[in-house]
Amino acid sequence: MSDEAKKTVFNPIGHISKSPTIPGKGKQYRDFDVAQLFEGPCTPEANSEVAPSPLDEKLRQAYFWVVNTAIISPHYDVEYNDGPPTSMVVGDSKRSLTLPSAQSYSSYVLLPLLTFAVRGKCLFIGGPGRGKTASALLMGVLAGYPVKEVKRSMQHGHPQMTIADLLGNPLPADLVNAKSMDDIQIAWRSWLSMRVKIIDEYNRIPTRTQSALLTVMGDNYAEVLNHIYECPESAWYLTANDDKGGGTYEVVEALRDRIDVVVQALAFNPRFLEELLVRVENKIRPEEFVPSEIIFTQEEVDRMGDEIRSVAVPPDVLRRIEFFASQFEFFETAGTQFEYMTKDTAHVSGAQWRDLVSADNGRDRLKDLGCQTMNGLSVRNLMTLLLYAKAVAYFRGNKSVSLDDVRQILPFVLQDKLHADLDSPFFDLGENTAYKADRIGWLRYLFDSSCQEFVRLNLDEDDPVRDVHNEFAKGLEGLSHSVAHKRLVNIEQLIRSRAKEGKLYGHVYDDLLKLKYLHQRYTNYLNWLKEST
Amino acid sequence: MSHLSSSSALACSVTKHKKLINERIAQARRLYLGLDMESFSTLLTGPVAKVIDSLEDSIDECALTAVDTLLIMARHGFLISPYREILASLWTDVLAGCTALVSSAPHQVIGRLHNVLLNMRSRSVDFFRAWIDSLAAVAPFASTKEELFALASVLIWKNGNAAYRKSALAAAKTLPSALVLRVFNAADMSGQEVLNRLGKDRWYNPSLAEPVGFTNRWIVGGFLGNGGPFIKPVSVRVGSDGFILSNGLQAHHLFVDAFGCEICPMRDVPQPVYKKSFLERAEEVSQSGRWIVHKKTKVPFYFMDVDAAITCDNDTVVAFSPWSYYLQVLSLPPQAPV
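Quick mapping for you: the protein sequence lines, in order, are chains A and B.
The opening residue of the first sequence carries number 1 in my numbering; numbering runs sequentially from there.
The opening residue of the second sequence carries number 534 in my numbering; numbering runs sequentially from there.
Take the hints with a grain of salt, since some may be wrong.
[What the hints assert, rightly or not] When the alpha-carbon atoms are kept at most 25 Å apart in a straight line, the in silico DSS-like pairs for lysine-lysine are as follows:
#1 LYS486/A - LYS474/A
#2 LYS503/A - LYS530/A
#3 LYS552/B - LYS283/A
#4 LYS551/B - LYS283/A
#5 LYS530/A - LYS516/A
#6 LYS503/A - LYS516/A
[Stated by the list, open to error] Which stretches of chain B does chain A cover? Using the computed rule of at least three CB atoms under 8 Å from a CB of chain A, they are:
#7 682-691
#8 696-708
#9 821-833
Just so you know, the hints here were simulated from the structure itself, not pulled from any lab data.
None of the values given here were measured: they were computed from a predicted structure.
For each residue, glycine too, the CB sits at the ideal point set by N, CA and C.
Given the sequences, and given the hints that come with them, work out the whole structure.
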């Protein structure tokens, strides 16, 4: 029998199904082509003739391989529906168990994979032995590194870790003989050149070493004795037993802020013990069987990143994100000048938070979403949210981001960024107590509530600030004095009408600031017109 | 547990490659916790052995392909009744009838026909039985594997999968005339004529002597709560290849012809290409109480509605019931020449 004939059709661990991961998507064929029906797992040699999968399909194949073969992760917490889902109320607390009607995903696998695709930074949190490090290891293997290399290059945080341990050290002979810093050669640590960087137990790294790590994470270079090592663009995976910085050392705020998404390793469901037994008995190590079809080259990851960035965010979805983000920064009692009425002003000043909050008694603190948080969203948070929303849309084979994509990804991006004010009256309500611990659920609640308010205000149809902005976006060139003046008056009228509403909420505050900005632009233009004529 | 006769070709092959086969089966048993070895063994020693024993060449290759393929089918739940019996028929009725083709390209012939079962698994068992029976009747006449696959394609369509009409017709055009006539049970005409008429007239069935005219053909659809596909009432429009059903939340293709009627969900096609309305034909059809009327012919409208939404193209009427969400599909007689 020829070698060709001996070709193994059956290779279950290293097997990747050729069927599209989303039926109807990622097809390279014409629809309803009967020839498709003859293709499948029983004809490997025919499949090899099929053109390589598009990268989004490859990413989905990687997801399904990891979730079905490598990680026993039965938690489908990223839920999508294409029809009404079945929902059942369970327990004394009347929580609902939803059965999604469309392909849904496990955040524990999806988020690290998206991080790999966008070369972001992902923090795994969860108790010991939940598979955090194993998941990070798999991501390294997906980038094409041998298992041993990934393991060796993984940095394990420990209390004695020095900058030299982390980055590299000068060659001893050079230290003795060098006449200037330039003469010293640095033996850089090999992990710095990896495209997947893994820092295990990052909260055990001493604070000083954390600062060196911050430079590598934030600015992508390492510095030792005036020597610079430029690192390649890479995906980062960090692990910690919790995300509060608890560990041997407190994690510096700036380092935590650099982390794009936080994903929790959920508890193992003992109903899947049988699968564990199979692994124990047969010494199965999934990372050693990663199929070649789902290993990404550097060029592919670059291309995937470009493709993800080209996914569109439709204006209506962007407007919902704007509206959501507007809810949180505003803090009426933190400033007297309009621009400084923000939570940031309160934090920067070092004033007592409680004093400022207790003075804020004009609004319904249960209704105002902004009252549930201690901070607003930073530019970095919003950029990360947009990038990951694009990534998840791309992963699902779509060319534009849907509201569902934003809803699903938002909690993982903001989990460690938007801090709950647990003394807020919202959390005192019995039905909301669980949100004190479940921040993913709370953030999803915040987004849903924001969308409900958006719909209640009918902002999709009636948004005068958007109209004024669109008018302005057409440009001022050639605009007559009378038209500019008319627009200025219109802006003033809008501000007056908003002022009449009485209570100030985050989104109204941002609208007013936007109107002030537009007012200023038209005023400057009118002044310029007056001087030039 | 079934056993092979020690003199069988399959037994010799299995003995020769015992280590390799054992490894594969052990690996499968570890990973597919519910792997039914009894069924696997019954299939291997029964229908598969029958085919392998009748081969003259490539026995080892066929035996290994058969083992691998059965393990893959096991993984997809095909060792459970009634699929187990379908698998058995595929071997005993179809593959046994074209052993020369099996020997010439075991991976291709065995694998591709099994892939059809996997890809069509959402279809009813009746479909599989009909497909295998009809393929068994024509497979021995295929002289190449390409002809066998073309026959299999045509029979997938002919056994009720109207969505594949276009591509199956393209496959039929690669067949010799005699095979075309055989697969469509046609007589007194050439294969080319049959294919031309099939291409022009979706209600043409070569095995029927006369065209049927204005009559009820299919009833499909229905409200989601009653087991149908629709959440809301749909509007029916003529598409470039059948009809388009949409309701703002869902969009579906409706494929109809003499052999079957299928509703297939559309994805990522929010703006299908609509053909111009067939106004002249639409004017010929009307509803009168519980009847759909074309000229002087009346066909009962099967639903309780007062008003059906009626859409026509050149040769088909689709009457949609806005209460039950069912679609009644009727064929129109060919348009009289002007």
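Task: Structure-inconsistent hints, enumerated in ascending order - done: Failing hints, ascending: 2 and 9.
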